[in-house]
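For the protein sequence lines, the chains are Y and C, in the order given. With the working numbering as the guide, the letters of the first sequence map in order to residues 749 to 1036. With the working numbering as the guide, the letters of the second sequence map in order to residues 43 to 434.
Hints are computed from structural coordinates only; laboratory data are not their basis. Where hints are given, some of them may not hold.
Claimed, not checked - Covered stretches of chain C, going by a simulated chain Y footprint (3 or more residues, C-beta under 8 Å): (1) 99-109; (2) 243-253; (3) 273-286.
Using N, Cα and C, we set each Cβ at its ideal position, and we do this for glycine too.
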Amino acid sequence: MAGNIVGILFDGLAYGSLLFLVGVGLSITMGLMNFINLAHGSFAMIGGYASVYLANRAGIPFLATLPLAFVAAGLCGIIAERLFFQRLYKAPHLDQMLFTVGFVFSSIAAAHYFFGASQQFVAMPDMLQGQVRFMGVDFGKYRLLLIAFVAAVTLALHLMLSKTRFGAEIRAAVDNQDAAAGLGINVNLVFALCFALGTGLAGLGGALGVEVLGLDPTFPLKYMVYFLLVVVVGGAGSIKGPLIAALLLGVFDVAGKYFVPEIGAFIIYVMMIVLLIAFPSGLGGKRA
Amino acid sequence: MIKRRYFLGAALAATALTAGLPAFAAGDTVKVGVVLSLSGPFSIYGTQMQNGIDLFMKQHGDEVAGKKIELIVKDDGGIAPDRARRAVQDLLVRDHVDVLAGFTFTASAMASAPLAEKTKTAMIVMNASSSHITEANPYMIRVGQTLPQITEPAGRYAAEQGYKNVYTLVADITAGHDAETAFIRGMTTNGGTVSGSLRVPAQNPDFAPFIQRIKDAKPDAVFVWLPPGEATINFIKEFDQRGLKEAGITMLGTGDLTDELTIRQTGDAGLGVVTTGHYSMAHDSDLNREFVEAYLADYPDDPWPNFLSVSAYDGMAALYYALEKTGGDASGPAIVEALKGATIESPRGPITIDPENRDIVQTIYVRKVEAVDGQLSNVEFFEFPESRDMTP
Chain Y
749 MAGNIVGILF
759 DGLAYGSLLF
769 LVGVGLSITM
779 GLMNFINLAH
789 GSFAMIGGYA
799 SVYLANRAGI
809 PFLATLPLAF
819 VAAGLCGIIA
829 ERLFFQRLYK
839 APHLDQMLFT
849 VGFVFSSIAA
859 AHYFFGASQQ
869 FVAMPDMLQG
879 QVRFMGVDFG
889 KYRLLLIAFV
899 AAVTLALHLM
909 LSKTRFGAEI
919 RAAVDNQDAA
929 AGLGINVNLV
939 FALCFALGTG
949 LAGLGGALGV
959 EVLGLDPTFP
969 LKYMVYFLLV
979 VVVGGAGSIK
989 GPLIAALLLG
999 VFDVAGKYFV
1009 PEIGAFIIYV
1019 MMIVLLIAFP
1029 SGLGGKRA
Chain C
43 MIKRRYFLGA
53 ALAATALTAG
63 LPAFAAGDTV
73 KVGVVLSLSG
83 PFSIYGTQMQ
93 NGIDLFMKQH
103 GDEVAGKKIE
113 LIVKDDGGIA
123 PDRARRAVQD
133 LLVRDHVDVL
143 AGFTFTASAM
153 ASAPLAEKTK
163 TAMIVMNASS
173 SHITEANPYM
183 IRVGQTLPQI
193 TEPAGRYAAE
203 QGYKNVYTLV
213 ADITAGHDAE
223 TAFIRGMTTN
233 GGTVSGSLRV
243 PAQNPDFAPF
253 IQRIKDAKPD
263 AVFVWLPPGE
273 ATINFIKEFD
283 QRGLKEAGIT
293 MLGTGDLTDE
303 LTIRQTGDAG
313 LGVVTTGHYS
323 MAHDSDLNRE
333 FVEAYLADYP
343 DDPWPNFLSV
353 SAYDGMAALY
363 YALEKTGGDA
373 SGPAIVEALK
383 GATIESPRGP
393 ITIDPENRDI
403 VQTIYVRKVE
413 AVDGQLSNVE
423 FFEFPESRDM
433 TP
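Work out the full structure: start from the sequences and follow the hints.
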């Protein structure tokens, strides 16, 4: 029984890690930049397709495709930001929402056109397959990788936001654009890079998600609720909040499905309601 | 104003007349209205069916009993009964088709049934797989399969294997419930029992907890039915990753769990999965080898003819058979009469149309995924001849 619980905890943390990886980029674009970016999943999908394409067609090892997926999604993000999204920074939230939803549908159509409707799969190296046994409990190797990635991404983001000049510029630009510009910060550039970072992280999450979530053109719509869940429960604009939220949601989801499979699928929503009642502005959110 | 309205009316009448004209002139043509899901998330289904239809016509020509067969294909874009119904209405009213065929999903077939009944048009259902749908319309003939028809033998097989502890896991949707019921019926009527049943959400990003639960219960086998595609692929992969195979748990399912396209995507994770189904690309018969070879030659981009392509191929075979028999009379009652009790040799083996309910009777094979010449295939090793849908 103890083994079961450790196993469930581990699976939950891994699933939460995946939720965090696909959602954290949204915390940056939607939270930090205060831009209602429902198109987040489109960039996750770009990362997914980039990884699949590079691994299966170009023969690049899966792990090596991950940074490339980050770059590909980030590049698409920066292009989309310059072309479309930057025009909407000052627009009402409803306009931002409508536009980004439209963007989602366009990206679904585009993915359908280029890659077809079928499910994509990615060739996994042997070292990421199966489970390792440790003290009588089986740990999935791929899930270990997900947890490792979360640790690395969280640390990198934390260091970047709190310790680097770019991080300081982001925080300044987000808090007060005019003052930041007055101080000689290129707000335009900071926002573009910020968007690239958010969408790049989406791409990384998407690429890591292919193995667990699958990938087809409807990906951005299908998982939209999960991206939003993490950011809303976690509190937009922080890194710590979504991390705790994702891990909590992941553990409760997995435990619910394991122990009470009849209602297991609803646990994640029950958790969302409970957490939002307890923390209306999210676990790590700034008090409005 | 009156004048303009009169003019408009005349123009409309003229268009209606000209639109209707070819129908009057087409005494030597049998028009077949085909409704398939050619776009949207299930476009691959429609394409495979279209390929089967085209291949049959290429092999057997477009003339039967002195009539030229003309296809008019419409897309219903997936599980969209309203669009299917509109397509059928167009086909019947504007194109004056003599026969309807296709129907990828039950919802499309059911929505179209009342229209076809009104015009007494034969409806050859090539894939829609719920039980009893032929009761919706006396002119409906099914040539594909029904889900309980292919599921129940899985239960019979499990009972015959002497499995004592069997789990079922199905998607919490109607088709999943049907599969669960049919599997349990197959087991219990043959002396077996099911020890646990899980119903899981159809849209489920992570099957790990359910699979872990099954692993901890240590059953002999688990029967799975999930919507084909993402869910089945993820499930098979996670089942393998979690080492249930090594733990000696057999995965049972229906043919759609490991159809030719899916096993390519799951790779070696699919090895050893046992399914019951009516068609395998590896079916051992000359007719099937010819079929597969011709299919691969014509559609190199779709290198996996599966049950959908075969059912559509057989749908055309049934139509040609019926027209031969009626001497070209394509009216609904004539076609239905001709097909009642008809037996046709298909690439999947013999198929018969039940004269009572116009539903399909066929051999259901038990297959196991094995690597043959470096390629995964569903190798048939046992059969249940003349299986029908036993849903009460």
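Checked hints:
{"no.": "1", "hint": "99-109", "in the structure": "violated (count 0)"}
{"no.": "2", "hint": "243-253", "in the structure": "holds (count 8)"}
{"no.": "3", "hint": "273-286", "in the structure": "holds (count 6)"}
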